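Enquirer: Chains as they are written, first to last, in the numbering used here: chain P, 1462 to 1531; chain W, -9 to 200.
Listed next, the in silico DSS-like pairs over lysine-lysine satisfying Cα-Cα at most 30 angstroms (straight line):
{"#": "1", "chain 1": "P", "residue 1": "K1488", "chain 2": "W", "residue 2": "K166"}
{"#": "2", "chain 1": "P", "residue 1": "K1501", "chain 2": "W", "residue 2": "K166"}
{"#": "3", "chain 1": "P", "residue 1": "K1505", "chain 2": "W", "residue 2": "K166"}
{"#": "4", "chain 1": "P", "residue 1": "K1505", "chain 2": "P", "residue 2": "K1488"}
{"#": "5", "chain 1": "W", "residue 1": "K84", "chain 2": "W", "residue 2": "K94"}
Hints in this document: simulated from the structure, not taken from any laboratory. Keep in mind the model is a prediction, meaning the values are calculated, not measured.
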Amino acid sequence: MSNAAQHVSPVEAGWRVRRAGAERASKVYPTQEAAMAALKRRVKAGGMVIYLHGHDGLIRQRIELSPDTP
Amino acid sequence: MPDFDRSVFLNCPFDDEFMPMLRAMAFAVVALGFHPRIAPENADNGSARLDRIHTIIGGSRLAIHDLSRSRIQPGQQFARQNMPFELGLDHGCKIFGDERLRSKVILILEAQRGDAVLSLSDIAGLDIRTHHGDRLSAVSHVRSWLRGVARAPDIGPTRILNLFEDFNGWYWERAKRNGASEADILAYPTEEMISAMLEWRDLGEPLTAN
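My request is simple: use the sequences and hints to build the entire structure.
Expert: Take a look at the structure:
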């Protein structure tokens, strides 16, 4: 898992994607599906860990993406 | 034993609905350099729990009392009285205690404006702030209050919640490395998470669990 982990969390305007350790969100997507699709396009060799947060802010699911993930 | 001046007694509901708020407020206390102290309701028998509360109150200069459960919840016949009771213990400790205990400072939080005073009118005039059940608002109140009464560093509420996300990632990785499933991690008690918050801070707020 060589890519930086990403946090995907619901905000008022949609679903926020933020790289772990970053001060700001990289982008806000209208839906969770759109956020996940964008991350799938960005994943490189070595893979990526995504933390999917609930509306309460806590992590609900940990997802490992690789370039082979359908 | 945590330092008296850095200890923050968190007297909050322990139900599942409030749990994310409690965890976010505890994290704000940690991120601002203080030490949250809680007395879980189900950890021990009643008298031992009360002894533990006495110890925490006597050992904490700072206290946050959340009276969000002033209203009867759907399906309940009685409102929870533990939080007002422990607020009373803390207030009495401040009023009747020695010089050190008289330096205690109390923040009262409520979910809806006016609820706390409607159910406990004697506290009118104390420092009561409303969070509307919103984490960012609650963290903002905790931050501003600690800035004002204990010279907490200037870390913004949004940054605190970003750090909370980072901490949660580290917490999950560490738990998985130690053999926990996702269901295990979700079921871990809040006091265990608070211990991990303090450990994370002492490790320098890492992004990965090595």
